[in-house]
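Participant: One-letter residues, chain by chain:
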Amino acid sequence: MLIEVQSLNVHYGNKKVLENINLSVSSGEIVTIVGPNGSGKTTLFKAIIGSAPITSGKIIMSPSVKVGYVPQVLNVDRSLPLTAERFLSLVNNRNDQGLLRAKQFLGSEDYLSTQISSLSGGQLQRVLLARALLNDPDVLLLDEATRGLDQPGSAEFYKKIEEVRESSGCAVLMISHDLHVVMSASNRVICLNGHICCQGEPQSVASSPEYRDLFGSNIDGTFALYQHNHKENKSRISHSNA
Amino acid sequence: MLDDFMVRATLAGVGVSLAAAPLGCFVVWRRMAYFGEATAHAALLGISLSLMFEFSVFAGALFVSVIMATAVTIGQGRSLFLDTLLGVAGHSCMALGLIIVSFISGVRIELMAYLIGDILAVSKTDVLLIWFGLGLVLLLLIWRWSALLLCTLNEDLAAASGLYPKRENFVLTIALAVVVAVGIKVVGVLLIISLLIIPAASSRSLGSTPEKMAIFASLIGALSAILGFNASYVFDTPTGPSIVCVASLIFLFTLTFSLLTEHFHPRIKIK
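In the order they appear, the protein sequences are chains A and B. Under the working numbering, read the first sequence as residues 1 to 242, first letter to last. Under the working numbering, read the second sequence as residues 1 to 271, first letter to last.
Isolated chain B (complex conformation) (with noise of 0.2 Å):
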C-alpha cells in the first residue's frame, strides 16, 4: 500500500494536518501564533546543518526547533518582551540557516522543498515518522489535556491547583516542535504555522466546548490535506500551498456561516 506515492502522501498529509490541528487550539487561545511562527523559521537552521553534516533533515528541526523554543521561554520577562525576543532569535536562526545552504553546492534548488513542502517526495520512513510524531503529539495533548486547559485560563489558578504552569508549558513547547519537524515535508517551515491556526480557526464556531473544537479542528485539516491533495493533482499547483488554500476557503465558510447564524438569529427567534 505504502508503494504507491498517492497514498504515501494523502497519509503525509493527513498525519501532520491531524497532529497540528488540536495543537493549533491551544496556539490559537493562549495567542502563540507569533510563537509558533518563529520556531517553524528557527528550524531551518536545523535544515541546513543536517544537509551540511549529512544526518536526518527531521533530527536537526526538531532540535534546533526545541533548543530555540525553549530558550525563549526561559528568557522572555527578563530584558524583552516575547514577541520581540521570538523576532530575534527566530529570524537569525533563519537566516543563519541561509547562509549555510548557500555553501553547500546543489542544495539551493531543494531549499524550496523545505520552505513549502515536497509532499509528493515523502518516503516510507518519512510516513511512519510522521505518524509516529501524530502518536506523541496526541498522547502528550490527552495526557496532559486539562492541565494544559488550566494553565491556558489562569497560571496562578493552575499553581494553586498545584500544577506547574512552566512544565505545562515545555509539554506544548514539544509538541509544537515535533509538529514543524514532521511537517516540513509536507507543508515547509513557511506554511506550517498555517496547519496549526486555520483549522482551529475555522472550528471555532463549530464547538461549544474546548474538546469539540479540538475535534472539529482535526476533522477540518485532515480534509483539508485530502481535498488540497487531490486539487494539487487535478490543477497540477503545488501541493503544500493547496492544502494550505483550501483550510483558508473552509475558513471562510464557517466564518461566513457564523456571521449569517449571528446575524439572523434574533429575527429567527421572533418568528
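Extracted from the complex, chain A is given alone in its bound form (with noise of 0.2 Å):
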C-alpha cells in the first residue's frame, strides 16, 4: 500500500470540507477521484501531500513513498523570470538523471529556454508534468491536469500518463473532469461529494445511483451533462413562455 487514508476529516471552520474518507492506493493502480465542484477533491489532495490541516484521521505514507505533484494551477507572477528548465531543476534534492529524464520527456522540444510565465497551458501542462516525474515518483498525483487543454490534447496528455505508468510502474492518484477518460482508463473511480459517495470498479461506480445523482444515468458523462443541460434549457424556454 502506497497511500493509506483512515478515516479523514477536514474542517474549515464550522465547514465540513471533508468527512469520514478512507481510500488506499497500491502501486500501479490508477485511482480516479470525480465529485462536483467544491466536493473536496483539491482539498483532499492537499491532506495526501501535507498542506491541508486534518481534523481529525490520519494519512498514512511511508516517508520513501516519492510523490511526483501536478497541481490543478500554476500562476506564475510576470515579476519573476524563471525558464522552464531552470523550473525543472527547482528540486530539493538534486537529480542529474532525472532531469536527463524530464528533459528527454520533453522531446526535442524548444521551450526548456522559454520563460515558464509565456509558455501555453499544453506546455506548462507538460513542464510540469516533467517535473513531477523527475524522483521517479512512486506514486503521481495529478490534480485536473488537463484543465485548460483541448481534446486532442488531453487525450496526448493521458496517452503520456498510461506510457509512464507502464515503464515506471508507479501508481496514479487523480482527480479529472473527463468522465469519458475517467470510465475507460481507471482502475477505480472514486466518487468524492464531501464524503466518499461510491468507490470501485468504474463500471459498477457508474451505475451506482450515488454516481446518478451527481453526473446523469449516461455512462458517458460528458453527453450526459449536456442532455442535463439541454432539457434544463427547454424548461426555462417553457417557463418564460408560459
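Incorrect hints may have been included.
Below, a list of computed lysine-lysine pairs in the DSSO-like style, where the Cα atoms sit at most 27 Å apart [stated by the list, open to error]:
(1) Lys-166/B to Lys-212/B
(2) Lys-66/A to Lys-166/B
(3) Lys-103/A to Lys-66/A
(4) Lys-212/B to Lys-103/A
Since the hints were made in silico from the structure, they are not lab data.
With the hints in hand, could you dock these two chains into one complex?
Facilitator: This is how it looks when you write it as C-alpha cells:
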C-alpha cells in the first residue's frame, strides 16, 4: 500500500470539507476521483501532500514513497524570471539523471529556455508533468491536470500518463472531470462529495444510484451533462413562454 | 579607515542596500510590498520602546518587527485578509510608538532621524551591526534559495517536494525584520521598503533567471547607495531620500530601456 487514508476529516472553521474519508492506493493502480465543484477533491490532495490541516484521522504514507504532484494551476507572477529548464531543476535533492529523463520526456521541445510565464497551457502542463516525474515517483498525484487543454491535447496527456505508468509502474491518483476518460482508463473510481459516495470499478460506480445523482444516467458523462443542460434550457424556455 | 564618517556612511549605505536588494526580489515576486511596509512602520514602536528604556534601537526594532510579522502570518486567513490585518497591526504599532515618543522629552527632534534615517551619524558599531545583518540575510537567502523559490511559485508543489512552506515563509519574515532593523539608521522606517522594492523592480528587465535578477538588484542597490550619498554631499540634501531618488532614477532608466527594446525589437528583426 502506497497511500492509506483512514477516517480523514478536514474542517475549515465550521465548514466540513471532508468527512470520514477512507481510501487506499496500491502500486501500479490508476485511481480517479470524480465529484462536483466544491466536493473537496483538491482539499483531499492537499491533505495527502501535507499542505491542508487535518482535523482528525490519519494519512499513512511511508517517507520513502516519492510523490510526483501536478497542481491544478500554476500562476507565475510575470515579475519572476524563470525558464522552464530552471523550473525543472528547482527541487531539493538534485537528481541529474532525473533531469535528463525529464528533458527526454519533453522531447526535442525548444521551449525549455522559454519563460514559464509565457508558456501556453499545454506546454506548461507538460513541463509540470515532467517535473513531477523527475524523482522517479512511486505515485503521481494529478489535480485536474488537463484543465485548459483541448481534447487532442488532453488525450495526448493521458497517453503520456499511461506510457509513464507502463514504463515505471508508478501508481496514479488523479482528479478528473473528463468522465469518459475516467471510465476507460481507471482501475478504480472514487466518487466524492464531501464524503465518499461510492467507489469501485468504473462500471459498478457508473451504474450506482449515487453516481447517477451527481452525473446523470449515461455512462458517457460528458454526453449526460450535455443532455441535462439541454433539458434545463428547454424547460426554462417553456416556463418563460407560459 | 572607519574613523572617517564618509567611509562609515558609504559602508552603511552599501551594506543595507546589498541586504535589501535580493530580499526585495522575493518581496516583488510574492507581492509582499505592503507586508514589508507595515513591518517597517511597526518597527517605530520598537524604536520608541528602546528610547524609553534605553536599550539598543536595533534590538527594539528587530524585536517588534519579528513579533508583528509572525503574528500577522499566523493570524492571516482566519478572519481577515492579509492586507487588512497588516494595515491594522502595522499602523497600530506605529501610532502607539508615536505616543510613547511624545512622553520622552527631547526625543521628538530625533524622531525624524528614525523616520528617514541619519546615515552621517552611524557609529562603528552600527556599521558592524549592518554588515553582520547583511551576512545573516545573505546566508539565510542562499541557504534556502531553491526552497524559497519553489514556495514562491506554488506552496502545494513545495509541500509535495517535502518542504514546509510555513517554515520557509518564516525565513523571509526574519530576513525582512533584520533588513528593517539595520536599515533604520540609513534610510529610516518610512523609506526602507523602497530599498527593497526599487532595485528589484529595476532589475526585472535585466535578468533572465531569478539569480541574475537578484544580482542585478544588488548592484543597482549598491550603486544607488554610493551615488545617492555623494549627491547628498554635493547638493546638501538629506541622504536617505537622496539614495532612494537615485534608485528611482535608475528604475526609470531601465524601464525606458526595456520599453524601447520591446518596442523596437520587431523592427530590428525585420531588417
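Participant: Between the alpha carbons of Lys-166/B and Lys-212/B, is the straight-line distance 27 Å or under?
Facilitator: holds, 26 Å
Participant: Given the hint that Lys-212/B pairs with Lys-103/A, does the C-alpha gap stay at or below 27 Å?
Facilitator: Cα-Cα ~23 Å, so holds.
Participant: Is the Cα-Cα distance between Lys-103/A and Lys-66/A 27 Å or less?
Facilitator: holds, 20 Å
Participant: Holds or violated: Lys-66/A with Lys-166/B, Cα cutoff 27 Å?
Facilitator: Status holds; Cα separation ~21 Å.
Checked against the numbered hints given earlier, this structure breaks none of them.
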